[in-house]
Structure formats: structure tokens, C-alpha cells
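Asker: Listed here are the chains, written in short residue letters.
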Amino acid sequence: MHSREVVLSNIGSYEERKADFSWDLAKEVLGWEDGEPLNIGHICSDRVCERGGRDRTALLWEGFGGKKATYTFDALRLLSNGFAQMLVDQGLKPGDRVCLFMDKIPSLYFAFLGVLKMGGVVQPLFSAFGDESLEVRLKSAGTKAILTTRKHVKKVRKIREQLPELTHVIVVEGDASKLKEAEVYFDVESAPRVEEFEAYGSGPETPSVLHYTSGTTGQPKGAQHTHNSIWGQALTTSWVLDLRDEDVYWCTADPGWVTGTSYGIIGPWSLGITQCVLDSGFTSARWYQFIQDNRVTVWYSAPTAIRSLMRDGEELVGGYDLSSLRHLASVGEPLNAEAVVWSEKAYGLPFHDTFWQTETGSIMIANYPGMDIKPGSMGKPFPGIEAGILDLKTNEPLTEPNKVGLIAFRPGWPSMFRAYLNEPEKYASRFVGAPDGATPDELRTNESLWYVSGDRSSVDADGYFWFVGRDDDVINTGGHLVGPFEIESALVEHDAVAEAAAVGKPDPVNMEVVKAFVTLKPGHEPSPDLELSIMNFIRKKLSPLAMPQEIEFSEKLPRTRSGKILRRYLRAIEWGEDVGDLSTLEDD
Amino acid sequence: MDDIKEVVLEYVIDEYVDEDDDIEVEADTALISSGLVDSFSMVSLKAFLERTYDIKIPDEDASPEAFDTVNSIVKIVEKYKS
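Quick note, the sequences are listed as chains A and B, same order.
FYI, in the working numbering the residues of the first sequence are 1 to 588.
FYI, in the working numbering the residues of the second sequence are 1001 to 1082.
Just to be clear, a hint being listed does not mean it is correct.
So, partial list: chain B residues that the calculated Cβ filter (under 8 Å) puts toward chain A [said to hold, decoys possible]: (1) 1003; (2) 1006; (3) 1018; (4) 1035; (5) 1039; (6) 1044.
What follows is a set of in silico ranges between Cβ atoms, one per label pair, in the way DEER data are often shown [unchecked claim]: (7) A:64 with B:1060: 23 to 31 Å; (8) A:142 with B:1014: 33 to 41 Å; (9) B:1006 with A:562: 49 to 57 Å.
Read the hints as simulated data drawn from the structure, not as lab findings.
Being a predicted model, the structure only gives us computed values, none of them experimental.
Cβ coordinates follow ideal geometry from the N, Cα and C atoms, glycine included.
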């Protein structure tokens, strides 16, 4: 074990920060002056250069096969300008939604900032999505342009005819000669440098990033964020992740998910921090080598990865020099106490769990550097965030410690989502006590309401939150939310499947994995080959995350008397829980 | 051994590589660490091996490293077949 120098944290005393909090402190952290342009693309590149960070390293990138590249903030500025100018030249306008559908290659990061600079709305999507997952999200958003790579453009080709609003397919990597008709090739690194690009004059309520998130019913919803999110993202990056000028920061999340944008792009780069990206598959040895090679100091990862690292043991850790690490944090699903204890033993540092969601845009509850960690706890609410636990039946705030209820937040924090795209009723349904007909703006600014997260937790007498589970049927697998409805809809498209239910079942590494219950159409019999065929069908159509890891063939599925499949019942059996009131179950 | 290699290679190409991909998958091509096969997808690959060869591969042996190339997969199959 290597000794580390103890440094005071950015947050200092949690209690003092809590007692004397204002979101204006974000401006202090950013060195903000009134009148500066509030455009995240500009803030994360041009502004860092203007403040003397031109030659500082912005991105240390490593891909498969030892490919490496380093970019300064000035390169980030120029290359994001390149994307912004190209999009304007293609006829795209402010407000247009532009999807990024690619692996974690450098162009993903340049394009993200470039779209924001030209006033577009970035819609990042996980590159492992299959064509159906992609189609649903592009159709819902009315996406105008998609930026992708040769590797992934074939999925776009399969669905393009169904997407009349998708007018631009732009391939940013690969072989230009292999493009099809109506596709554009643009390699930003070989294109002429764009020295000047005037960023779009966005305001706090100008839409910025659109992330899709899954719910229990219906297809995924588009959570719309705005440029105002920067205040929440910058301040939490400073106080929770404790980033400073000299750090080398590694956020392992993919920008297809909100952690990969809020804390894998916006938070660190708004503060001019060097970050590194590893674009290759997971192996423990590869990750340790990456930390060693890049002298990573702050590492933000996910419980699934941490449990995989645990599985590979402490001995492996000893083979690498990880002494550069000084702060570790985790997000995506609850971090079990064993993982916290193990990381302290293996790395000499505990992982600090954090809790937030796509909708919240920034960290809401966390274990802070310098504050005592209770292993297994999510920590305490971020200063300025009023968090409560609501009674499961009455929605009244619980005041007694250790009672389980719904995690809820008083609206009004800067990075809160502004809408579910085109679904105002669904947005309103997330607020307890919402007056009839209230607009999204009225809801998000009404501090007498509660925004309900959809997760259950308790709070102990010291104010620490303890995660209990989801309050709905959404499956959290490896830190990613997967909607059962989307899986079930895809399952019944398989030739052999008549009806289907998808639930989460416990998994030691991923917390939950998808399990499907299916009945078969006449003429089909259960068999191992059929199970494999259904698994691969979903993997290709939706994504590897949505693929059932187990399929149970049934004669019939449990239903209510009104005919609704009882997922709750199936899930309870998988988790060994009480199945609850079955009085509404359909008779045999 | 060569038969197993052929069968696994054919399955990997059929299931994970698209016709118009530029990737030439061979027995020593990295699958997981290259990102070609997502670690979640290992489950269907493992299920295929268990069914095809009537074996049971324990979870602790189904690591990303062990499944990273067709050659390393063949070694696992050989181990449990015997």
C-alpha cells in the first residue's frame, strides 16, 4: 500500500456549507462574471482557453489496440468549432435535435460541444442500442440529424425510411467511399480548422441535452435539460468529486447515459479539468493499467464495475501502481457495504456512493470527501437540496428515522429536467400535490411540491439515506434503467412468442438482470435453442442490457381479473419477497 | 479442438459481426476487450457453449478475460468437456 498526502476537500465542512448555501456559489467555483455567454459548449472549451487554459490537456483518450490521442483545451475548442460549423453548413438550426450515436471516440466529445455551440439539442444514445431502440428514440424526438460511425450507421440505414424527420445522416469516422446515398462524411480532424465560431446565445432555459430514460409503462421518455444545468453540474463536480486543476479524472460512464454527459463532459470541462477516456471493453487488468498509465487521481465509476473488480481480487491490484488515486466515487445503483470496505482495503480509499438520476441532472445525495462514510449508505443530500422520504400510501413526509418511503426532492435546483418531451402529463405525474393544469415551468419552480424519484429509501437518525429499491417495475441492470414494457413489446415480435413479461431478478454483479417469462404460440415448443434464439433476438433489436439472461417458458402468465399481466407477482417470486395481495389475480 | 474452434468462430461471426463490417474475426481476435462483444452478451455466448457441448461453465470461469478470444473460449470448453 502506498501512502498518500491528505489534502483538504473542496467542500470543507458539509454542515457549514449546508447552513450557508446558495447556488451562486457555483459562479464562484467557475470564476463567473455577469454577462458571460451561458452556452455549455462555449463554457467547456472557449471559456477555459480564454481563462488561460489553452495548452492544458483536456482529453487523454485511449482506444482498443493501444490507440492513443491527447487533446488540449485549444484543440477541443477548434474541433468542437469544426462540428458546429459543419452542422450550420448542413442547414441545421438552433433547437434542432442532433443525435450522437457512436462509441466513446474523441469525435463524440467534440461533437457534443459542437452541437451545443450552434444552439442544437444534443441527443446522445448508447451505441450498443439495436435498431428498434434507436428508432423509438429518434421518432419520439423528431431528430433532424444523426452523427454516427461506419460501425453503427448500418443500424440507421435499417430504420431511416421510418424516420421522415431525420434529414441528415453524418458519418464521422471510417471509409468515406462506403457511404450510401444521402449520407454525408465528415472527419473533423482532417477538415480545415475553424478558428472562430460564435456560440449561439443560449439562455438558462434554452434546451441543451436530451436523455432518454425508461419507465414502467410505455416507451422511454425524453428528459429535457437546459443550459442552466451548468450551475448544478459544476458545483457538484467541485464539492462531491472534489476535482481540482491538477487532477486527472476518469469517469467510466458512456455519454449515452446521463453520468457520461453531466460528469463525463460538462462538469469536469466547465472547470478546465483534464479527463481521460478508455474506449474499449472491460477487463480488470485493462482498467488498472489505464489508471497506472494515466496517473488517474479521481475515479468515478459504477457498482457493477466495482463488484467485477472485487471478483478479480486484491492480488491483481498489487500488480499495478495505483498510488496516484486520491478520491473514488460511485453511481448508478446502490453501492453495497462490502464494496466500500473492500475498496478501502484494496486501494487504500473507500468508494463514495452518490445518488441522482437522469431527471435530476446532477448529484442529489452523496458521501462527501472528508465526511464519515457509513458503508452501504447513499450519504446525505447535497447542500441546497431538500430531500425527504414520503409515506408510501399517503405521500406525507416521514419524520421518524429508519422508516421506508419514497425519496423525494423539493423542486427548484438548477439542473432539474424541464420536460418529458411532448409528455406534459407524465412530467406532472412526478410531482406530489401538483395543481391541476399546472405547466411544467410552474411545477419545477414550486418549492411547496415534492418531485418523486421513483426509488425507496429510509433515513437514519444521523440523516444518512439508505437505499431500499425501486418503487416500480423498472429494471436497474448494471446501473442502467431498462423498461419492462419495451422488452415485452420486442419479445412478442419474436415468431415463437405469444405473450411476455419482463422483470428484474437479483444478480451478484449487476444488481439486477432481465428475466423474461413467455408463453409460446401454437406449433412452438420450449427448447434451449429457442431460449438462445429469443435472447439474441432481443440483444440485436434492443441492446445487450435489455437481453433476458434467463427465459422461463410458461403455459400462462399470471394476470389480474382485468387481464393485466402481474409483473409485481413474478418479480416478488424472483426476489423471494412476499407476493402481497393476490385477491385481484385471475382465477385458474 | 479444431472442430470446436470452427464452431465457436462461426457462431461469433454469425451472431456478433455484420456482413458489411470491416472486421476480420479470427481465433485470436479480441472480442470483449475490443468492444465487439459486450460483456452482457457473454451470457448468450456461454449459453450457446453449454448447450452445444452439454457442459456447465461456472460463473467464476466465465470472466471477460476467459471469453476474450475464440482460442481462450475453446480452452474453457475443452476443460469442461474433459
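Asker: Answer holds if the nearest beta-carbon of chain A is closer than 8 Å to that of residue 1044 of chain B; otherwise answer violated.
Answerer: The hint holds - residue 1044 of chain B has a Cβ within 8 Å of chain A, the shortest such distance being about 5 Å.
Asker: At the C-beta level, are residue 64 of chain A and residue 1060 of chain B separated by a distance inside 23 to 31 Å?
Answerer: 26 Å, holds
Asker: Hold the hint about residue 1018 of chain B up to the distance rule: shortest CB distance to chain A must be less than 8 Å.
Answerer: Given a least distance of 6 Å, the restraint on residue 1018 of chain B holds.
Asker: Grab the minimum C-beta distance from residue 1003 of chain B to chain A and call the hint holds if it beats 8 Å, violated otherwise.
Answerer: For residue 1003 of chain B, the interface hint is violated, since the closest Cβ of chain A sits about 19 Å away, which is over 8 Å.
Asker: Can you tell me whether the CB distance of residue 1006 of chain B to residue 562 of chain A sits inside 49 to 57 Å?
Answerer: 53 Å, holds
Asker: Is the gap between the beta carbons of residue 142 of chain A and residue 1014 of chain B within 33 to 41 Å?
Answerer: For residue 1014 of chain B against residue 142 of chain A, whose Cβ atoms are near 36 Å apart, the range 33 to 41 Å holds.
Asker: Do the numbers back the hint for residue 1039 of chain B, that is, is its least Cβ distance to chain A under 8 Å?
Answerer: Because about 6 Å separates residue 1039 of chain B from the closest Cβ in chain A, which is inside the 8 Å limit, the hint holds.
Asker: Going by Cβ atoms only, is residue 1006 of chain B closer than 8 Å to chain A?
Answerer: Violated, because the Cβ-Cβ distance from residue 1006 of chain B to chain A comes to roughly 19 Å (cut-off 8 Å).
Asker: Classify the hint on residue 1035 of chain B as holds or violated, based on whether any CB of chain A lies nearer than 8 Å to its CB.
Answerer: With a closest approach of 5 Å, the residue 1035 of chain B hint holds.
Hint violations for this structure: numbers 1 and 2, all remaining hints satisfied.
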